[in-house]
Each structure stands twice: as C-alpha cells, then as structure tokens.
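Novice: Take a look at the letters that make up each chain.
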Amino acid sequence: MASFKPTKIPIYPKLGEKVTQDTVYWKNYKAPVQIKEFGAVTNIHFSPVAPHNYAVTAFTRIHIYGPFSQEPVKSFTRFKDTAYCGRYRSDGQLLVAGCEDSVVRLFDVSGKVALRMFKGHTKAVHVTDFTSERYHIFTGSDDYTCRLWDIPNATELNTYQEHTDYIRCGVTSKLNRDLFITGSYDHTLKLFDARVDKSVITMDHGQPVESVLLYPSEGLVVSAGGRYVKVWDLLKGGQPLVSLKNHHKTVTSLCLSSNGQRLLSASLDRHVKVYNTTNFRVVHNFDYAASVLSLALAPDDESIIVGMTNGVLSIKHRKSPEESKEVSHQQRRRPSYRVFVKGKNYMPKQDDYLVSKPVREYLTKYDKHLKKFNISKALDSALKPEVTVAVIKELDRRGTLKNALAGRDEKALSELLHFITKNMVDFRFAPVLVPAANMILDIYRSVIGQSPVVDRQLLYLQDLLQKEINYQQELLDVLGMLDTLFASSVPRKELLYLISVKKHFGAGFKRQTKTHDLTLVF
Amino acid sequence: MVEHGDIRVVHRGGIARYCRFLCERGIFCCCRFLLCGSGYEVKVFSTSTEECIHDLRAHTDLVTGVLLRPSNHLQAYSCSTDGTVRLWDYTDGILIKTYVIGYPIYSIYTSANHSGVLFVVTPTSDKRSEFQLVAVHLPQSGDQLVEAREFSAVLSDVSSNPAATSFGRGGEYIASAKGLQLEVYFFKKQKFFLKEDNKKGGKNTFTCLACHPKDDCIATGHEDGKIRLWRNFNHKKEYTYTTLHWHHSAVSSLCFTPEGTNLLSGGIESVLVQWRYNQESQRDFLPRLGAAITHIAVSPDGALFCTSHSDNKITIIRSSIQVSAVIQGLVKGDSVRTDLMVDPRSKALVLNGKPGHLQFYSLQRDKLLYNLDIVQQEYIHQSGLEQFEVVKAAFDAYGNWLATVEERKQKPTELELNLKLWAFDEQTQSFMLNTTISAPHEARITAMCFCHSTDSQTTVLVSVSKDGHFKAWQLAPATHTEGPSWSCDFVGAYHSLVPECCCFSADGSLLAVSFQEVVTVWSPASWELLTTLSQPPGAIRNLCFGQLTCSKYLLGTTDKNLLCCWNLLTCSLEWSTSMDVSLLLSDPFSENMAAFCCQAGCTDLFVFKPSEPRPLFSHKAVCLGKVTRAVFAPREKMLESCEETSQWLNHSQLYFVTQYMVNTQHNEATWHYSREALKNMGLCIRIFTDTFLVYKSVYRLRWLMS
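Which chain is which? The protein sequence lines are A and B, in order.
The UniProt record's numbering applies: residue 1 is where the first sequence begins, and numbers increase by one.
The UniProt record's numbering applies: residue 1 is where the second sequence begins, and numbers increase by one.
Some hints here could point you the wrong way.
25 Å max Cα-Cα, derived PhoX-like pairs, lysine-lysine [stated by the list, open to error]:
#1 371(A) with 226(B)
#2 273(A) with 245(A)
#3 402(A) with 367(B)
#4 342(A) with 377(A)
Hints were generated in silico from the structure; no laboratory data involved.
Sequences and hints are given; from them, build the entire structure.
Specialist: Set out below in structure tokens:
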C-alpha cells in the first residue's frame, strides 16, 4: 500500500549572486593574510622573475615579500620622506622608487644602499618605471614634468613639460623601448615617444587620472580616474572604446589577470571588481575593510594582494587543488567497495528464479518522527533553515504546531528563538515563521521575565521587527514616489508596466502587514 | 424517465459502482471469489486477478446483503430492498431460487445451527423508520419462485445497519446493538438485555458488533473509537467487559477471524488494526489504505481479509497483513472541484479522486487507470483539519503538460495556493512534476487554460484570479544547470475589475478574458489589448470561442439570462437570446456547442452552432438538479448517423456531472434499429435500471449521513 510520503522541502530561489565559472574561480582563495604596514600602501609590484617576490611601497619604506612569507624578506628604508612607486626591472635585479623629496633612487635588490640617485625633479616623484631595453628610467612628478634618465651615467636624457597638473601614474611599453604613457591630474593621458620631443597621442579622460594600464598586446590602454574606468584604442589613435562606471568612489588601481581575460579595478569604495574584458561586465566583486589604494595579482593569479589606506596589506592565496576538494573528503567514510559487491557477482543459472530485493526507502530523521507523530522531536531534528521551515509548515498543516512549540525548557526555547530571529526577516521564510513566532509569544507569555536568556532574545526580536518595519516603510515610500513618477510621465498604455513593478514589491507588502500583526502582541 | 428517442442519459460510475453503500457484505469463499453487492446486482470478483467474473442480475432494487449458504459453500443468498431473497450458484452465475418475502430487506443473517431459517431485518409494518429482526422459514419446494410466508419475530427495534447484528458461538444466540443498548437473544432461553450506561456523557453509542466464533464473547465498536469485549452475559446481570482503545474516531467495522484468534477493526483513519484475542496489547497495523474503512470481511479459511472503503474501493489483504489486490471503481471524492477533462493522450476522463489526487478514468474500458498524486503530502485524517485540495487542472493540446492548482484555506484571510506544472514523461508514461509556483496569485484562481494552438512554438498558460489580475505563464528554456521550467511572462489587468473566466481561440491567436461585464480580447503574441466587448447588464459567467469554421465567434453567457454571440471580425454582437445558461461548452471536434440551462430544479440541454441561433438538438429535463461540470469526450470510432438530431454525437460523447454522479449522453443508435432483439432489450433495461440505481444510491447516501 502507499508508503509514508516524506515532507517536501520546497526549493527556494537562491539569493545573492549566481554561481558562474567566474565566481567559482575568484572565490577559490583562502582566507586573507593581513599584514600591518607603517602607512597607507600606495603601490605593490611583482618581480617578473621567479620566485616572484613583490615590493610593497608604504610610507617611507619598501618591503619585499616572498610568495608565501608573512615577514618581509628585505626592506629598503633609506628614504628621507614618503616613498612612491617601487618597481622592479624586467630582470628582477633592480628596483626604482620615487620619493616625496623629489629624488629618484635605484636599488639593487640584494643591496641596501641606493646605487644611483636621480636628482632633477623639483617636487615629489610619484611615478617611476624602467623602459623595456632596461637601461633607462622614466619618472613623473608633481612638478608637471616627466623625465627620462640614463641608468649608467645617472644623467637626465629628456624632459617633457606637456602636462598642466601633477603626474600621478604612468607606464612604459614592454614591447617598444621608446614609448611610455602618463596620466595626470589635468584629466589627460599622454603617449610619449622618446624619439620625438613631444607627446604623440593625447586622450582626455575627463577626471584626474589615478592609474593607467597597458594591455599585454599594447593595442589597448586602460585608465582609471574619478569613478570611471576607460579603455582606449591606441591603434585607432586613442579612440575611447568603453567607459565603465561601476564604483561609487574614485578608482585607484588597475590590474589584469594573468591570462588577460579579466580586468580588476580597486577603488576607495572598498571594492575590487573583476570585469570580463570581452564584454566589460562585472563578473565578480571583492569586499575589503578599508579603501583600497593598490592592487596586484601574482603570476597565474596565485594570490591577490591589496593595499589599503589604513596600512593593511591583505594577501589572499589561491587554494591548492587538494584544499578546494577538501569538502568532499571530510564526508563520512563510506563502506568499502567489497560491501557493495557482496553477493552481486553471483551469476544466476538458467533455471534460477530471481527474487528482486525490495527497495527500502530511507526516511530522514524528522520524517521518522513525523510518521510516529512525535512532533516536538521532529521539529528539533530538522537542521537546515529550509528543512526546519518545511517541517514547521507541515506541522501547521497537521494543526499540531502549537503542541510542538509548547512545553520547552529554557535551552530548547532559546534555540528556537535563535532560529526564528535569524530567519524571520528572510522573505522566503517569513510567511511561515511569523505565525510561529506569534504562537510562541502566546504560549510563553506567562513565563516572560523568568529567564534572562529568553528575555534578551525576545527584546532582540522586538528590535529586529522594528527595524524591519522601518525598512518596509522606506520601501513603501519609494514605491509611492515611483507611482507618482510613472503616473505623471507614462502614456496610458504602459500602465501594465506599473503592475509588473508592483509585483516586484509585492512580497514587501505582505511582510509589512504580517509584521504589524506581531507588534501588537508586544 | 427518458424519452423514446435515440439519445439517452446513461449513468456511469465504474465497475464497483458506488461500492460505498453496496458492498456492505463482501464475502469470500475458497479464497478464490469475492462477492459484493453493487447496485441492483451482485458482482463476483476473482481475488487473484481483481477481474469481475460474473454479474448476478435479477434483483429489481438495491442489493443490501450477500451471504454464503451455510449448508453449501458453492451457493450464496442475496437480499434486496425489492423484498426478495435469491439463492445463487455464484461459480457459474446461475439463479437457483427466489424467495419472495414481501417486505424490503435491509440485511440478512444465517447460521449453520438453524437450517432452513433465514434471519432478515425488515421495517416494522407501521413505521418505516423502525426495524425488526424476523426469522423466515424457507419452504421446501422445487419451484424457482417460492413465496415464504412463515415469519416469526425475534427482536423488535433493531438497527438496520448490517454490521450491528451478529450470530454468536455456533448460532446459540444472536446479538444486536442499537443506540446505547445491546441485546442478546438466546434461542434456548429467553431474551436477555445488556444495557450500556451513559453516565459520563461520552459518545459511546454502539456502531458495530462482532461475536467470537468459539467463545462467549461479543466485541462492540463505539462512536468514541473504543472497542469493548463483553463476557459472562449468559449469567443474569453479571456481565463484564474490557475496553480496547486505539481508534480516535468511530469504529465502523469489526470482524473476528474464523478461528477467533484475531479481531480486525477499522474506521475512518483508514488503518486496519489486528488485535490478538486475549493478548490485546499486541496489535498489528496496516496503515494508509487510502480511505475510510466501511466494512471488513474474512474468508472462511482465514487466509484473506477484505476491506471496503468509502472511495469505492475494495482491498484484499493477506492474513500476514499485506495488501494483495485492490479492486477500484471510479474514485468517489468529496466533490468534483476541477473541471471534467479529457487527457489528450490516453483519452481518459480526468477529475478529482482521492484527496489531493487526480484520477485518470478510462471511459472506453470503464476502468480506473491511475491516480496522480498532486499534493504529495501525507494525508492526515483529523476532523477540522483543512486539507490541500486540487481545485483546477488543465491539459495542453497534446497532453504534454498538465497544470494543477491546489489550495488550502486555513483561516479566512490566509489562502495557500500552489500552481504546479507537470510534464508528461514518455518513459514512465505518467506526469512528472516540473515546476511548483507557490502563491501564483494573491486570491483564488477562478479559471485557467492552456493555449490550444497546434503550431505555436511555446506553450502559454493563462490563470485568472480574484485578485484582479490574470497572468500568463511561459516555459522558459533550459539553463545549463537545470531543465526547462515555467515562469511568469505577463500580468494583465483591466480597470481594477475582477476577472472571471478566460478562453483561447482555436488557433491561439486571441485570448478572451472576462472582467465582470466586459470581455477583453488580447493578443498573446504582443500582450496588447485588442478590443473590449460588453453587453450589460450582467456579469459574464461563461466564455467560449467557436471551433473550426465558427472560430470567428465568441460566445458568452451572463448571469442576467443572456447568451450572446459576438463576431470578432466585425467586433459586434451577432445575436443574443434570453436563456439562463449555467454551463456553456464547445465541442473541440465539431462546431457544436452545448448549453445547460437550469430551470425549476431540472436542467435542459441545448446543442447549437454559433453560426445560427436555432438549436440543433434540445432535451428538456436531462436530469434533476444543476449540472456543474461537463465535457465532450472523443469517440473511439466515429459514428455515421445521418439523423439530424443525433449528428452532433458522431464525433464525441457528452459527459456531465450533477451533484453526485457522472452521466453520459449516449447515442444508442444500435438499440433503435434492432429493438426486437432480446439481447439488446437487455441492454436497454440495463440503461434504465442503472439510472434508477444511481438515484436510489444518492438517496441512500443522504440517509446514511443523516
């Protein structure tokens, strides 16, 4: 005959972000390692050669970290003032850095003292970089000039005075020894050619430019300034390609993933966003505790390093393949293979009559209790929120919810209240949990005041409801505004659109009325 | 009843027709046959194959009891309210003898100890509501038809319920219970009373009774779910009893096994309980039998048990408490809340069945195909508990999709609604749940229909609700993680009026939704409001597009007795007539439409074509009461009738339900042409008798309930 029908656990719509390939990839990092620096971390640069150490420029120091060390392997401290923009040469042997005192210093990564000092700028030097043939240095300064220097002689080769404001970012071409791009607070990007005395291409970004990035192919350049990230096509003479506005504060740093398929931007709004470079949609988002100033990705995306205004350096390492599969390993050990094949490899003879084994249906714990009408136990043995809500719904259908909730001691009741306060404002569960909360208040009204634990939770519940009501009221205000806007602006035929907008807010309406019911009890 | 024409109403209800009241005495013999009174006949089923072997037909009224002849186990008595007791050879299906008693008989008892005597319950001659137990001495005669005239009263004022009287050990005494009183009549001594006291005010009225076959013990079932075992009642006033309690509501049937080792009890919980005699703490249960148990019977060798259920079903159970066979007729649910539908694939009639299920009933084979579990929840029987009910269902044109709506109204303000979409699975040949939409609307859904066009790429479902909106649901394509599922495509409303019904045109290019007095016509392709039609006063009650050549017409009925036909090409009223139409439906296989009009307690049927307001066929007083649901079902073989009035039944048959029954409007042309053939006369009689059968049984149901 018909067997016991197990409780249906409804499939709720997944909240939050959708699981895509990108989220899987970008979530596959360990918990961040946090290192406190002396001041705001303004620049992070990876050494191009293995083992890929990285230079972190913060306050008056440059620290060199190894790929897995949490202590600096080396420090450069001979700066008179705040250091800027410590960058490696392409062979990983030399490091150049600007300074607030207008002197550009060149270090050997194994030494301590500066090999060369380049003097000539009159104000702080925020940008330094090596050219691709490795013997020249390009610098940009707050004195509106950018200069080229010769490393062996420590002499100035050329000066370009085209910008009309501070130069705060710049990058040299990795393919052409003569090309470099600067970005300035005068809202422009300029492409310079060392063979001629002036800029070749000028691009107007529209905001003070904070960061500039060249694609590996060097056909495209990305600039960040204000809230915008813009992509320019150099092969078309600096034609703007895309303008992205996904941050709500100034974008400070840009970075490409190792395969060049994803662009990362960091901003003062404490987010790092990942864009797909084919359609420039945001595919992932990282949140940080403070405004992000600098960002770097290790080769092969092995780690994400982020420097923040509060001087914290956050390092996220990629999970190793074993670790990412760890979850499945932690499951209970299954019986050995032998158990399953036992008796299965018997070959039936021709006249044997096969009696098939009846398939046994296994019920979950709460269903076993429900089958025996042990309602309180059934409620206690449901663990996940979806399951608990389904069991509460089932008990409500059976008309025995009140009995299941009643007769609990302090511990059991506080567990129940904890669950309810945690999940009640989730609109997927609210229709079930609000009546249950009402019922609990009805049942345990006489014992309020006897247990401090329960009282605290009840007060918290009240607080939560008040917050929720305020939130709903705000939503309704917005809805009212939208209604007036639509009513005044749309022609008559598009009224139907209004209905569909209402539909989205429909859940909100329902919650509103139900939470009101509950407050009456208090 | 039915006029002498070609077309007549035939009442249908499945094999074990309204078995609820009729198999009150299912009995066994040799573990091979099950006898069961069903309507005017006694049916003989095979216990192994579940097939009906014989219909024993001779009674002219309801069969109320069937009993094996104690002296010959190949013969059985049956009694009926027509005042006769008939003796049958049930293995061959032959009527042996008819005893005419002359009074309606409500139950029959016999014992091996009393050969030649039958005990029957008949109404006392002066009052119809009082019954007495009478011993009838059967005259020894060789004739087929014997009149029995030798009566002697045994007990007066007994219950007419067959389960309330039973013979005791070896036929020494007979026990009968009525109200709060249990009477035991010893044949050797005088009669003796046992009286149940009612001090505590409990509901301990007797409901049924069984006597132990080997011991002086009477088991009685009570209204409050208790079972009492009475002993020592042959000593004066020193009787004792023990109480067994498991059932939470009334015990409806009790039965001892032939050796007396076990006692079986059943009630509305649909659980068969087996108690060990003298070790009553040991119980075995067979739960979830599907519906309330109305009667329990045991085969003479004790190997098989049989329970009859309130949903028109007999379950055959092995003595090891395992179900071995189920004989199921048309499932008798509480009410038909979904429309009558025809599954386009199996051509089965689909309607509500067991609680939370849809039943698929084959009209051609007159057999239940399967029950589809819609609600998928454990059914808990408890009085006052609101259950989920399937209230709406719809098929798409090919039978690939089934949409169902279930609702549960716990409090007046809270309505739980679920819209479920089922996809037909070729492999299992059944419907599999595809999408569940909880709370698709904020108020009750009043109508739902699929777009019936055959060439469109996507299937569209429209649901209309009392919340003032209608919604269109569409199949969204499969994503890489999950298969295709349904989602809302469009929400429509019209001047905050409440929509009532919806209808797609035959080609699926137009959707008509009625908003009170206004009919709005929408284009499903762009969801644009094309036009509005209205014919005030009166809200629209039914809406129907014409089919085939008449597809340019839209018909509507209003609750102010108006039937309107609009021409959609001119957007104007083509014709209208004053009729109080309660139900309007179109035949999908022809241009015809059927309208049921309720007048003075009777329903008239009109069949017409939308292109001309003159009816093709009309039939006054098709049935008593209001017709609630109807459907045109396709015929297996097309008829070639040339008579004008019966042509409309060439392609399809019209089925309809009134309050309690399923009827079919048949074209019995064969009967008309060969009226002289005796065989077909028999057919004709059957049709008539069946008609009576259902009316009587409906009457009986009311009587049982009151």
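Novice: Under the constraints set out in the numbered hints, which ones does this structure not fulfil?
Specialist: 3, 4
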